[in-house]
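Participant: Fit the two chains together into the complex; they arrive one by one in their own frames, and the hints show the way.
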Amino acid sequence: KAGVTQTPRYLIKTRGQQVTLSCSPISGHRSVSWYQQTPGQGLQFLFEYFSETQRNKGNFPGRFSGRQFSNSRSEMNVSTLELGDSALYLCASSEMGNTEAFFGQGTRLTVV
Amino acid sequence: GENVEQHPSTLSVQEGDSAVIKCTYSDSASNYFPWYKQELGKRPQLIIDIRSNVGEKKDQRIAVTLNKTAKHFSLHITETQPEDSAVYFCAAMDPRTYKYIFGTGTRLKVLA
Chain U
1 KAGVTQTPRY
11 LIKTRGQQVT
21 LSCSPISGHR
31 SVSWYQQTPG
41 QGLQFLFEYF
51 SETQRNKGNF
61 PGRFSGRQFS
71 NSRSEMNVST
81 LELGDSALYL
91 CASSEMGNTE
101 AFFGQGTRLT
111 VV
Chain W
113 GENVEQHPST
123 LSVQEGDSAV
133 IKCTYSDSAS
143 NYFPWYKQEL
153 GKRPQLIIDI
163 RSNVGEKKDQ
173 RIAVTLNKTA
183 KHFSLHITET
193 QPEDSAVYFC
203 AAMDPRTYKY
213 IFGTGTRLKV
223 LA
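Quick mapping for you: the protein sequence lines, in order, are chains U and W. Taking my numbering, I'd label the letters of the first sequence as residues 1 to 112. Taking my numbering, I'd label the letters of the second sequence as residues 113 to 224.
With the rest of the complex left out, here is chain W (with noise of 0.2 Å):
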């Protein structure tokens, strides 16, 4: 079945390094790629997104990168902050079935 793998599973920065989370999909129909940021006792909050068509995307420190072709789409935090903390989930939509699957989460830590 469709399923979506993101690594790691928790990640610690020093203030100021980059950040990578990287997730792999397993359905070739898949053309959506959001990533979600989620607080501690927060809802998760779209923060970049991705469609099949386009290879990169920035905003600001954040950048998303999608390779169709192996599956993978990572997500790119450059000069992280203590507020860049938090839980985030990759996930993917199918156009067929409007199902999104997301990936297990990753929490990041910014340690100042």
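Isolated chain U (complex conformation) (with noise of 0.2 Å):
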């Protein structure tokens, strides 16, 4: 079974830009779970989506959004980028969301 793919890998963006990132869950699993990776703060959750629709948000501004598509694809966009949104964002998959979680390798954005 092929794990969850991040793409891009990478990405350099400029301040004020957009940028959209997408990843494919595990065959079968409907959950997909987008974190924020900084060194100084550890892993942050950003949304849950399961079956298209997002059930849960964590403490990010509007400028952060999701959405899932009806094969379980799922692509977040961040616009108007700040230095500040430099890390690394994962995502995982999971069954239904109660289950065990599998990563993605993420990708790394760097706004400059």
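Among the hints, erroneous ones may be present.
Unchecked claim - Straight line, CA to CA, 25 Å or less: simulated SDA-like cross-link-like pairs of lysine to any residue:
# : chain 1 : residue 1 : chain 2 : residue 2
1 : W       : 154       : U       : 9
2 : W       : 154       : U       : 108
3 : W       : 183       : U       : 56
4 : W       : 134       : W       : 163
By construction, these hints were calculated from the structure, which means they are not laboratory data.
Facilitator: Below you can see the structure in the form of structure tokens.
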């Protein structure tokens, strides 16, 4: 079974731009969660999707948004990028959201 | 709000010794507690997990204990090896929100 796949692996963007990150979950997994990982803040929960519905959202500004498609693939969008958005963005998939979650390799976003 | 405290932040042990990492969670509704290992530049990988109806779980050299009353759970690694060196994260999941709250991580160094 293929693992969780995130694309792209690396991104460099300029302040003010927007970015879209993609996550393909393990086949059969319907829950996808997104996390921001920074050295100082650890893993911070962004949002969780299940069957195309956002079930929960973390404490991030509205510039961070996401969606999930009918095939469970998910995208995350960050608009009006700020320097502080530089981080590793990880997604994780699980069957139902309350079972084992498996992480992708992440997208490292650098905002300059 | 929900919070997971993890200690220590760094831990150095001699090869062959045991390592213990402790976490405390705040939300009594949490019922699923996974542990992840993250090697440098790699994705977090699930190494063991425990649900709230179980007090202890063991998998070879790794064990997790849970004290629901005190809202504590701990990771125990016995006979440590250099390849155990990594950052370890604990997490607690609220079944009402499918939201994982992660601890801030423990950097474990196993000295040969």
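Participant: Confirm or reject each hint.
Facilitator: Results for each hint:
1. Under the criterion of a C-alpha separation no larger than 25 Å, the hint pairing residue 154 of chain W with residue 9 of chain U is consistent with the structure, at around 12 Å.
2. Between residue 154 of chain W and residue 108 of chain U, the direct Cα distance comes to roughly 11 Å. Compliance with the 25 Å bound is thereby established for this hinted pair.
3. Distance restraint check for residue 183 of chain W and residue 56 of chain U: the Cα-Cα separation of roughly 23 Å lies within the 25 Å cut-off, and the hinted pair is therefore satisfied.
4. A C-alpha spacing of about 16 Å is found between residue 134 of chain W and residue 163 of chain W, which places the hinted pair at or below 25 Å, so the restraint holds.
In the structure shown, no violation is registered for any of the earlier numbered hints.
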